[in-house]
Amino acid sequence: MSSLTDTQRSNARLGLWLFAVYLVLYLGFVLLSAFAADVMERPVLAGLNLAIVYGFGLIVGALLMALLYGMLCKSEPLDESSHGSTSQAATAGDEAQGDLA
Amino acid sequence: MIYDPSWIAVFVFFTFVGATVGLSFFLGRKAKSSAGYFAAHGQIPWAVNGIAFAGDYLSAASFLGICGMIASYGYDGFLYSIGFLAGWIVALFVIAEPMKRLGRFTFADALDAKFDSRGIKAAAGASTLVVSVFYLIPQMVGAGSLIQPLLGFPHWVGVVLVGIVVITIVVTAGMVSTTWVQFLKGSLLVVFSAVLVVLLLGRGFVAQPDAFESIGPIPVAGLNQAEIAGRRVLPATDGWQEHDDLVRFSRSDDVGFDLFHVQPAGEAQVILRQAQAIRRTSDGAMIDGAPLGREATQKELKPVGTLTKLPDGQSETGPLGPVSFFNTLGESEVVLWRNMTVEHEDETKSTVYFQKLTPGNEVLRPGEHPKFAGIRSDEPGGKLNFLSLMLALFCGTASLPHILIRYYTVKDGAAARKSTIVGIASIGFFYVLTLYLGLGAMTSGSMDLTDSNMAAPLLARSISTWLFAIISAIAFTTVLGTVSGLILASSGAVAHDILVGVVGMKLSEAKKVRVAKIAAVVVGAIAIVLGILFKEMNVGYLVGWAFSVAASANLPALVMLLFWKATTKEGIVASVLVGMISSLGWILLSSDTYKSVYGWDPELAYAPFSQPGIVTIPLAFATLIVVSLMTKPKAAAA
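Chain order of the listed sequences is A and B.
Position 23 (the first sequence) corresponds to 22 in numbering that gives the first Met the number 0; numbering is contiguous.
Position 422 (the second sequence) corresponds to 421 in numbering that gives the first Met the number 0; numbering is contiguous.
Since the hints were derived computationally from the structure, they do not count as laboratory data.
Check before you lean on any hint, since a few could be wrong.
[Stated by the list, open to error] For lysine to any residue, the following SDA-like pairs were computed, each having C-alpha atoms within a straight-line distance of at most 25 Å: (1) B:564 - A:12; (2) B:348 - B:299; (3) B:308 - A:47; (4) B:516 - B:24; (5) B:370 - A:37; (6) B:113 - A:12; (7) B:355 - B:256; (8) B:410 - A:5; (9) B:370 - A:55; (10) B:308 - A:40; (11) A:73 - B:410; (12) B:370 - A:36; (13) B:410 - A:13; (14) B:534 - B:591; (15) B:370 - A:38; (16) B:564 - A:22; (17) B:564 - B:617; (18) B:370 - B:613; (19) B:113 - A:4; (20) B:355 - A:41; (21) B:564 - A:18; (22) B:113 - A:5; (23) B:564 - A:8; (24) A:73 - B:421; (25) B:308 - A:45; (26) B:355 - B:243; (27) B:308 - B:357; (28) B:410 - A:62; (29) B:355 - B:315; (30) B:564 - A:16.
[Said to hold, decoys possible] Quick look at which bits of chain A chain B covers, simulated, 3 or more residues with Cβ under 8 Å: (31) 8-20; (32) 26-40; (33) 47-53.
Virtual Cβ for every residue (Gly too), placed ideally from N, Cα, C.
From just these sequences and the hints, can you work out the full model?
Right, dumping it as structure tokens:
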């Protein structure tokens, strides 16, 4: 993956980290529902049970993490954009970022 | 239920559909080249594309199916909302930017970017077609459900109407107008759902303990008498004798019978609660023994969806906040309806709907739906089914061909990323609303027992006819938007991947567009037929299957291509084919398909549980790895 630029590589790494965090949260929800359904009934916040709080939390969390990703992704100088195009399908990164530069 | 077509509804509906089609004609004039037809020249602004993601993704299934499932079973429908949204995280963090970098028109382009292999084009083109057709079925079923109450036409007319309008949109216009149509309905859907939720919270809950009759409690011994509470019991014959928990009374006006379901009520006591039966005969439907209709000698099914008790014995709550809505419902008692089948001697069947009084806190937790009830038992099959579905939803979004092609309509990777974020914001907001809409419909007193897909529009009708007309028209145009996207994706697969890439036809730009349009007509026709065949099923459930097939066929190949250097073209082809065939085969052999599609005994089904994802997604990954290792090029050690 040496043909990827530093920016592309760091954006990709960021994407994978955030993905891993969300995966853990989602797995937690699914496994709790499947193996500890009773826990989901307990009231945890303002009288709402865990199922509702966790469910809404996953939706709001997805949005917050998406915004975080949008803010932290680095933009890339235009002249480096050709490096990524011939590389094998690698990781997330930007090819042309004229509008952000 | 019998629906009265309202003029307001007809007017609003045709205005919407007319405006949509007109818009697509107007915008479509420009799309002559294939870059224009398939990818809108990559010129769509990212914000518009983001909302169009919502219009594309928030299909009839999200709106009608999820709300319907929540309205019938509570929280379980919301599991789909959560899974559908979580899938976008995969799309944004892993797939979005590489997709944009690698492809041109179709999903197969991206898979094939490194290899230029006919095999990959063929496999990816085929899986695009299969997934799109599977996803089309629920959209068409939803359209049919909507048209019935709105315009008074039968189900199949709705399906045919959608088919024709969509084919017109796709054939005249391509991606530019499809995008703008999706943008329009995506924003309308989110805005009006929000309006509906605000009105719903403003109305609050009303307790209606007497919406349906009940008799008793009486001692158990009182059941086997010729009369109960002064009403004469009809002898249980013609199949009714098989169900000793059902009691029929004769009526003084002799119009059919009154049906009651016997439910335990404390020690040696029972209570009889009113039930409703629909018997389908060759001469039409019979409701509680009388022909369906509005005459004095006829009957119809009553709308349902009531609360018997509110907290502290209140009769109505008045306006509620977003949190007190749940807290109040949790302390109330809801009437849910379940059904059983009575088989008669002439081989017709009655579906008997009976009340199930449920504490409110039980509809706010997962596990009420029979398909998810497994999570409350120790039986491993039920838990696996649930895990399997949640996995398929998570992996499915990022592998839906009609979503993936939307990455080619913007100009670069950054725009792809930003439009995904806009998409997540609008879709996530909408999914939060689905829980309110579904639970609101559950308690609206306006639900149709025979069609759970109508919950959200009927909820709107319980508030105002105008709102009903607008919500139905939006739902219908939502179907149009999603179906256009799907048909466009399929026609791209046929023209671009299969005919040009695999068969090797040399098509000029204009000819390629023409071939794609012909393909669009054919796929549209297939969708119409399937939409009529699958009429009975909840559309949300059907979409779950489309996600399973997409996740099994497409995701493993896409992810491994991006992250594993040793992936070979043979590995990709094998993975796509194995994922597609195994998941499809599993679904066709599952008990749900046996029961609802073929009408066979579900016990005979081969698949151990209904949702294939948990087996077929890892299987496709494993296939890719094994085949890639076996076909590793000797010279270059990857």
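### Query
What hint numbers does the structure not satisfy?
none
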